[in-house]
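Take a look at the letters that make up each chain.
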Amino acid sequence: MSTPVTQRILGRHPLGLLFAAPYAVFLAMVFAWPLALAVWMSFHDYFFAAPGVPVDRPFVGLDNYVTVLGDPDVRRSFVNVGIFLLINVPLTVVLSLVLAAGLNAAVRARTFLRVSYYVPYVTASVALVAVWLFLFSSGGLVNEILGPLAPSPSWLVNAKAAMPVIALFVTWKQLGLFILLYLAALQAIPRDLYDAAAVDRATGLRAFWHVTVPGVRPATTLVVILATITGANLFTEPYLLTNGGGPDGASTSPVFVMYQKGIEQGNPDTAAAIGVVLVVAVLLISLVNRKLLERD
Amino acid sequence: MSRTFWTRTALFLGALVFLFPFYYMLVGSFQKTPDTTVRGIFPTGGWTLDNYTDINSRVNLLQSLLNSVIVTSGVLLGTVVFGVLAGYALARLHFRGRGTLFAVMLLVQIIPFQLLIIPIYVMIVRSYGLADSYAGMILPFAINSTAVFVFRQFFIGLPDDLFSAAMLDGASELRIMWSIAIPLVRPAILTACLITFIGPWNEFLWPFLVTKNQDLQPLAVTLANYISNIAGRATNPFGAILAGAVVLAAPAVALFVVFQKHFTATEISSGVKG
Amino acid sequence: MKSKFLTTSAAVLALGLTAACGGGGDAENARSAKGPIKVWLSNNPEEITWGKAMVKEWNAAHPDEKVTAQEIPAGKTSEEVIGASITAGNAPCLVFNTSPAAVPQFQKQGGLVPLDDFSKGTEYVESRSGDSAEQYKSPDGKYYQIPWKQNPVMIFYNKDLFKKAGLDTSKPPLTTYADFLATSKKIVDSGAAPSAIAPAPSSEFFQSWFDFYPLYAAESGGKQTIEDGKATFDSPAGKDVWNFWHEMYAKGYSPKEKYDGDSFADKKAAMAVVGPWAIAVYKGKVDWGVAPVPTKDGAAPGDVYSFTDAKNIGLYSACKNQQTAWDLLKFATSEEQDGKLLETTGQMPIRTDLATTYASYFQKHPEYKTFADQASRTVEVPNVPNSVEIWQNIRDEYSSSVIFDKTPVDDAISKAAASANDLASGS
Numbered sequence: 230m231s232t233p234v235t236q237r238i239l240g241r242h243p244l245g246l247l248f249a250a251p252y253a254v255f256l257a258m259v260f261a262w263p264l265a266l267a268v269w270m271s272f273h274d275y276f277f278a279a280p281g282v283p284v285d286r287p288f289v290g291l292d293n294y295v296t297v298l299g300d301p302d303v304r305r306s307f308v309n310v311g312i313f314l315l316i317n318v319p320l321t322v323v324l325s326l327v328l329a330a331g332l333n334a335a336v337r338a339r340t341f342l343r344v345s346y347y348v349p350y351v352t353a354s355v356a357l358v359a360v361w362l363f364l365f366s367s368g369g370l371v372n373e374i375l376g377p378l379a380p381s382p383s384w385l386v387n388a389k390a391a392m393p394v395i396a397l398f399v400t401w402k403q404l405g406l407f408i409l410l411y412l413a414a415l416q417a418i419p420r421d422l423y424d425a426a427a428v429d430r431a432t433g434l435r436a437f438w439h440v441t442v443p444g445v446r447p448a449t450t451l452v453v454i455l456a457t458i459t460g461a462n463l464f465t466e467p468y469l470l471t472n473g474g475g476p477d478g479a480s481t482s483p484v485f486v487m488y489q490k491g492i493e494q495g496n497p498d499t500a501a502a503i504g505v506v507l508v509v510a511v512l513l514i515s516l517v518n519r520k521l522l523e524r525d
Numbered sequence: 011m012s013r014t015f016w017t018r019t020a021l022f023l024g025a026l027v028f029l030f031p032f033y034y035m036l037v038g039s040f041q042k043t044p045d046t047t048v049r050g051i052f053p054t055g056g057w058t059l060d061n062y063t064d065i066n067s068r069v070n071l072l073q074s075l076l077n078s079v080i081v082t083s084g085v086l087l088g089t090v091v092f093g094v095l096a097g098y099a100l101a102r103l104h105f106r107g108r109g110t111l112f113a114v115m116l117l118v119q120i121i122p123f124q125l126l127i128i129p130i131y132v133m134i135v136r137s138y139g140l141a142d143s144y145a146g147m148i149l150p151f152a153i154n155s156t157a158v159f160v161f162r163q164f165f166i167g168l169p170d171d172l173f174s175a176a177m178l179d180g181a182s183e184l185r186i187m188w189s190i191a192i193p194l195v196r197p198a199i200l201t202a203c204l205i206t207f208i209g210p211w212n213e214f215l216w217p218f219l220v221t222k223n224q225d226l227q228p229l230a231v232t233l234a235n236y237i238s239n240i241a242g243r244a245t246n247p248f249g250a251i252l253a254g255a256v257v258l259a260a261p262a263v264a265l266f267v268v269f270q271k272h273f274t275a276t277e278i279s280s281g282v283k284g
Numbered sequence: 021m022k023s024k025f026l027t028t029s030a031a032v033l034a035l036g037l038t039a040a041c042g043g044g045g046d047a048e049n050a051r052s053a054k055g056p057i058k059v060w061l062s063n064n065p066e067e068i069t070w071g072k073a074m075v076k077e078w079n080a081a082h083p084d085e086k087v088t089a090q091e092i093p094a095g096k097t098s099e100e101v102i103g104a105s106i107t108a109g110n111a112p113c114l115v116f117n118t119s120p121a122a123v124p125q126f127q128k129q130g131g132l133v134p135l136d137d138f139s140k141g142t143e144y145v146e147s148r149s150g151d152s153a154e155q156y157k158s159p160d161g162k163y164y165q166i167p168w169k170q171n172p173v174m175i176f177y178n179k180d181l182f183k184k185a186g187l188d189t190s191k192p193p194l195t196t197y198a199d200f201l202a203t204s205k206k207i208v209d210s211g212a213a214p215s216a217i218a219p220a221p222s223s224e225f226f227q228s229w230f231d232f233y234p235l236y237a238a239e240s241g242g243k244q245t246i247e248d249g250k251a252t253f254d255s256p257a258g259k260d261v262w263n264f265w266h267e268m269y270a271k272g273y274s275p276k277e278k279y280d281g282d283s284f285a286d287k288k289a290a291m292a293v294v295g296p297w298a299i300a301v302y303k304g305k306v307d308w309g310v311a312p313v314p315t316k317d318g319a320a321p322g323d324v325y326s327f328t329d330a331k332n333i334g335l336y337s338a339c340k341n342q343q344t345a346w347d348l349l350k351f352a353t354s355e356e357q358d359g360k361l362l363e364t365t366g367q368m369p370i371r372t373d374l375a376t377t378y379a380s381y382f383q384k385h386p387e388y389k390t391f392a393d394q395a396s397r398t399v400e401v402p403n404v405p406n407s408v409e410i411w412q413n414i415r416d417e418y419s420s421s422v423i424f425d426k427t428p429v430d431d432a433i434s435k436a437a438a439s440a441n442d443l444a445s446g447s
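Protein chains in written order, with the working numbering: chain Y, 230 to 525; chain Z, 11 to 284; chain D, 21 to 447.
Pulled out of the complex, with its shape left as it was, chain Y reads as follows:
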C-alpha cells in the first residue's frame, strides 16, 4: 500500500513506474542517448573514430548549422520533400477516406478488397521498388501504354517527374494503414447522424460532406500528422528508386542527404545538424497541422 509521501513523489499508482520502467529504460538507451549525442555532435566538429584514438572535438557553435542551411543541396532536398508532401498528404487523405467509405459500405468480397488495399503496406519497399523500376523505366510498360504521351526524358530521370513518381509510389504503398484508420473512425460515427441528415434530404455526396467528413475529423488530424512525419523522413524510396538522388538532385530528401554526408562522407556533425533542423521543422508543421485541423 502506498503512503501519502510515496504518493506525492511517485504518483497515485507507483506500480505504474514498475510497469513502465522497461519501456522507459529502452527508450533512454535506444532513443534518448543517441539523440542527445546527435544534438551534441551538431554543435561540434565531430567524426567517428576507432575506439581509443585520441581525437580533437572542438565546440563550433552554430557553424554546422550555418554550413547546412547555406548548402544548396540541403536546401533543394527540403524543397523536394515539400513537393512530395504537397502531393502525398492531400492525395492520401482524400483517397484513404473515399476508399474507406467505400469499403465500409461494401458487403460482398470485403476480404478481397481489404487485402488488395493493404497488401502494399506490408511488403518491403525493396521488393516493390524492383517492379516499379521495371514499370517506369524508359522501355517499361507505362511508357508503352502512353506511347507518344510518354514524357521524355522518362519518368525517373525527369527532373520534374522524379519526385511526383516517388510521391505516387509512397502514397500507393502507405494507403492501407490510413484506410484502416479511417475505417475505424467511420465505424464510430453514430447511425442517427446519417438518419437525421436523411430527414433533411441530405444523402449520398451531401451526407458524405456534411456528416462523414466532420465526423472523422480526429482521424483526419492523425492521418495528416502521420503522413507528414513519414513523408518528411523519406529515405528508402529516393535511395532505391533513384540511386544517388535522381537527375541532378531532383529527388534527394533531407534524410538521404544526411545519410550521404554522415555515413558515406564521414561528416556526422553536419548530418546531425540537418537532422535537428528536420526534426524541428516536422514538429512545427505537426503542431500547425494540429491547430488548423482541430479548429472546433
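No lab work stands behind these hints, which were simulated from the structure alone.
Hints should not be assumed to be uniformly reliable.
Where chain D lies over chain Y, by a calculated footprint (3+ residues, C-beta under 8 Å) [claimed, not checked]:
1. 276-287
2. 434-446
3. 508-514
Among the chain D residues that face chain Y by a calculated CB cut under 7 Å, a handful are [claimed, not checked]:
4. 107
5. 419
6. 424
Using N, Cα and C, we set each Cβ at its ideal position, and we do this for glycine too.
Please build the complex by placing chains Z and D on the supplied structure of chain Y, with the hints as guidance.
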C-alpha cells in the same frame, strides 16, 4: 445503375490497380526474357523457373527465413510483454513521469532512424559487444512505440465500470491488471503484432550493418543484397530481380492474408475517436 | 518528472562511461601478436572462390593462426560497413575489398595500421608493385593499404552490332573523340542499338570513375584529378573530356537514364566501359572486341592511360593479432597467390612485370593480354582528405552540366575544382 453498383465497380477497379504491380512482379519472375510490351501483361509462353533456382543456388533461403522469424519474434515478444505493461501504465495508472513518457513515446515516431543509427550502432557493437548476434539485431526495435500507443488507446477505451467493481472489492493494481485488463487485450495484441511485424521483417539497413555472418542475416538483407549485387549476373537479370522481390514479399503477404480478418478497425477505434 | 529524469540520467551516465572506456594502450602488443584472425572478402563469386582456397591453404599450414573469412557486399555499401565497424571497434584484421578512395577516411578515423610499421613493410609493398605503389602513399608518406588488384578500364565493343552498323570490327574508329562520336552516330542512326555506350548516369560518387576519370587519365597523359593538393582538371584536358561526354548525351548516343540490367549484354548499347572482369561475364553472350579509351587527338594504344579501378587490402587497427595479419597479407599477395587470383578472377594483381611473371597464363588466355598491357599505364584516385566528398561534388557538377545540360561545362568544372581544392587541404 444504382450508386452501389458504381461504388462497387470503382472499388474493384481500384483493387485491381493496387494489385497490378504484384501481378506484374509475379509474371515477370517466371519469364525467360523480360517483355515490357502491353501484350507482355498476359504472356502465353516463355515460362521458366530458372530465376528462382538461381536465387536458391546463391542464397540460403531457408536459413535467412529462419533468421527473419527469430528476429521478428524477438521484437514481437518484447513489444507484447513490455508494451502491454507500459500501455496499461500510461492508460490507467497515475505515476510520476507519465506525461513525459507519453511525450517521448510520440517524439520517437518523429525522429528518423538514420539520425541515430551510428550512435546506436556504436552502443550495441562497441559497448555491449552484440555484433553478429540476434540480440544485436533485435535490440533497437525491441519495443515498438506505435504498438505501445495502440495498447494505451485500447486500455483507455475500456469502460471504467469493468475496473470500478474490482477496485471497490479492494483488489490491488497488479491484480486488476492481471485478471481484468490482460484477458481483454487479445484483439489489441493481434493488431499491434501486425503493425509491429512489418518493421523488423522488412528492415534491411540495421541487420545488414550489425551482422556479417551470413548464417545470421535475415531474408530482407540476403535478398536486398541479391537484388543489388548478384542478380545482375544471372541470365535474365530483370527476371532474377523480380524473383528475388517475390520471395521477399511472399511471406509477409501470406501471413497478412491469413491473419487479416483480425486486422480490423474496432481494436484501434478508440484511438481515432480523439 | 523526477523519476523519468533520474532513470534517463542514470542510463546515460552508465552508457557514457562504458562507451568512453574503449581500447587503447595495447597497440604495441597487438603489433607483434599472433593468433586466429578474421578477414573480409568481397562477395564477388570468383573472388570468394579464390579467397576461400587461399584461406584453406593458410589454415592447413598454420593451425594455430586460423583465419575465418566472411563476405561483405562488393557494392558501395562496402565502405559504409567498414567505416561503421571501425567506429564500433569490431573491424576484421584484413579487408580484401578496401577502396583506395575510402582509405583517407579510414585513416582519419584511426582505423588503419601503416604497413611501414612492420619489419620491411615498405620494401615489401614497393618491391611488389614498383612505381605504381607511389600513388597509394598517404600524405604522411606511409602506406595504409597495399595495392592489391586492378581492373584497368577499357572499351568493349559488340562486333555483331558494329558489323550491322557498317563499322570495321578489327580496327574500329574509336581512337579520337571525333571518330568515337561519328561511330556512335552510325550505331544509333543505323538502328544497330538504341545507344552507342551507356555509362551509368546516376549520381553516386564513384560513377565518375567510369566515364570522366578514365578519359581524363588518357587525355592528360596520366594525371590524377588532384596532385600536390591542387585540382588539375580545370584545364583544357578536363574540359575536353567533359565536353566530349556532353556531346554524347546531347546527341542521344548515351542514355540519360540508368538501365536496370546489363545494357551491353542486352544489346541496348553497342559499347561498354569495362575491366578484365568483363571477359568472364560476357563470354558466350557477346562477340566482343576491346579498344583503349579515346583521346581528343588520338594516340597509339601503347600510350593511352586509364583508370585502375583497384581494390586493395587494408590492415585494420582493431586487429588483435597483427603479426598474423601481416604474414597472411604477404602470403595472399605472393607470386603464387597472385597468380591464382589472376587465373580465378581474371583481375590483374598490381605487380611489376605482370605480363612476364605470368607469361604462360597470358599465352593460354590471350584475351587478357590487352588488359595486362593497359595495367602498366593506369592512374589511381588521389589519396587526399575528404576524398569521397570531393568525388561527390565532381559528380554533382558533372551531372548538372554534362548529363542534364543545366549549367555550362566551364562553370561546373571551375566550381568542382574550387571545392576540391578546399576539401583536399584537409579542412
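* Hint by hint, which ones does the structure fall short of? -> Numbers 2, 3, in rising order.
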